[in-house]
Amino acid sequence: NAGVTQTPKFQVLKTGQSMTLQCAQDMNHEYMSWYRQDPGMGLRLIHYSVGAGITDQGEVPNGYNVSRSTTEDFPLRLLSAAPSQTSVYFCASRYRGAPLHFGNGTRLTVT
Amino acid sequence: KNQVEQSPQSLIILEGKNCTLQCNYTVSPFSNLRWYKQDTGRGPVSLTIMTFSENTKSNGRYTATLDADTKQSSLHITASQLSDSASYICVVSAYNNNDMRFGAGTRLTVKP
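Protein chains in written order, with this note's numbering: chain A, 1 to 111; chain B, 112 to 223.
Where hints are given, some of them may not hold.
To be verified - Simulated crosslink set (SDA-like; lysine to any residue; CA at most 20 Å straight-line):
(1) A:Lys9 / B:Val156
(2) B:Lys168 / A:Leu78
(3) B:Lys168 / B:Gly152
(4) B:Lys222 / B:Lys182
(5) B:Lys222 / B:Ser142
(6) A:Lys14 / A:Thr109
(7) A:Lys9 / B:Lys182
(8) A:Lys9 / A:Gly97
(9) B:Lys128 / B:Ser198
(10) B:Lys222 / B:Gln183
(11) A:Lys9 / A:Ala98
(12) A:Lys9 / B:Ser194
(13) B:Lys168 / B:Asn129
(14) B:Lys168 / B:Gln183
(15) A:Lys9 / B:Gln149
(16) A:Lys9 / A:Ala24
(17) B:Lys168 / B:Thr151
(18) B:Lys182 / B:Thr162
(19) B:Lys128 / B:Lys222
(20) A:Lys9 / B:Phe141
(21) A:Lys9 / A:Val110
(22) B:Lys168 / B:Phe141
(23) B:Lys182 / B:Thr131
(24) A:Lys14 / A:Ser49
(25) B:Lys168 / A:Thr109
(26) A:Lys9 / B:Ile123
(27) B:Lys168 / A:Ala98
In short, the hints are calculated from the structure, not lab data.
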């Protein structure tokens, strides 16, 4: 039981490049979500999903896309990276009413 | 706007000492409040959950309190250990539970 797995752990992009951050969980959780964590700020919700085929926007969705074709996977796509997207990204999942299980994050730098 | 404010931003204490971290919130309607511990380079891990009817809950050396009237919570750490060095994050959920608001965290450093 690996929990929530995020890849890659580190990534450097140039402005305008695109990439996908991967997130997989093996706990059969319906709810999955993506957050970004910036210094001095709380985790902010980017997108979330309450089940396969269902996604919704969070607090800061601009510049990011998600899809949820399976219960296990919830990739986050950066369409055209900008320096403002430099951050640490966390994926999390949970069973209804239970605490969030977080991955160990992807540290993204956009130059 | 629903907000969660934590204090202090950072704290340094000596090993073996106690400390208390604060969380004030304006999230409404309130559902629950969780404290998470985040070690450097790792994702947050849940420590405890407080619901509206609960005043105090303990998890080992961690004791959380909740005053729903004043919308305040605290996390008390007893007999601190070096492994307690981490960020502690307060997360408040609104009633539909998909709207979770995160505090910026308190960075605790325990020194020998």
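Okay, the hints, checked on the actual structure:
no. : hint                : result
1   : A:Lys9 / B:Val156   : holds, 18 Å
2   : B:Lys168 / A:Leu78  : violated, 41 Å
3   : B:Lys168 / B:Gly152 : violated, 28 Å
4   : B:Lys222 / B:Lys182 : violated, 31 Å
5   : B:Lys222 / B:Ser142 : violated, 36 Å
6   : A:Lys14 / A:Thr109  : holds, 8 Å
7   : A:Lys9 / B:Lys182   : violated, 37 Å
8   : A:Lys9 / A:Gly97    : violated, 28 Å
9   : B:Lys128 / B:Ser198 : holds, 17 Å
10  : B:Lys222 / B:Gln183 : violated, 28 Å
11  : A:Lys9 / A:Ala98    : violated, 26 Å
12  : A:Lys9 / B:Ser194   : violated, 23 Å
13  : B:Lys168 / B:Asn129 : holds, 17 Å
14  : B:Lys168 / B:Gln183 : holds, 14 Å
15  : A:Lys9 / B:Gln149   : holds, 16 Å
16  : A:Lys9 / A:Ala24    : holds, 14 Å
17  : B:Lys168 / B:Thr151 : violated, 25 Å
18  : B:Lys182 / B:Thr162 : holds, 12 Å
19  : B:Lys128 / B:Lys222 : holds, 10 Å
20  : A:Lys9 / B:Phe141   : violated, 35 Å
21  : A:Lys9 / A:Val110   : holds, 14 Å
22  : B:Lys168 / B:Phe141 : holds, 18 Å
23  : B:Lys182 / B:Thr131 : holds, 16 Å
24  : A:Lys14 / A:Ser49   : violated, 29 Å
25  : B:Lys168 / A:Thr109 : violated, 40 Å
26  : A:Lys9 / B:Ile123   : violated, 29 Å
27  : B:Lys168 / A:Ala98  : holds, 16 Å
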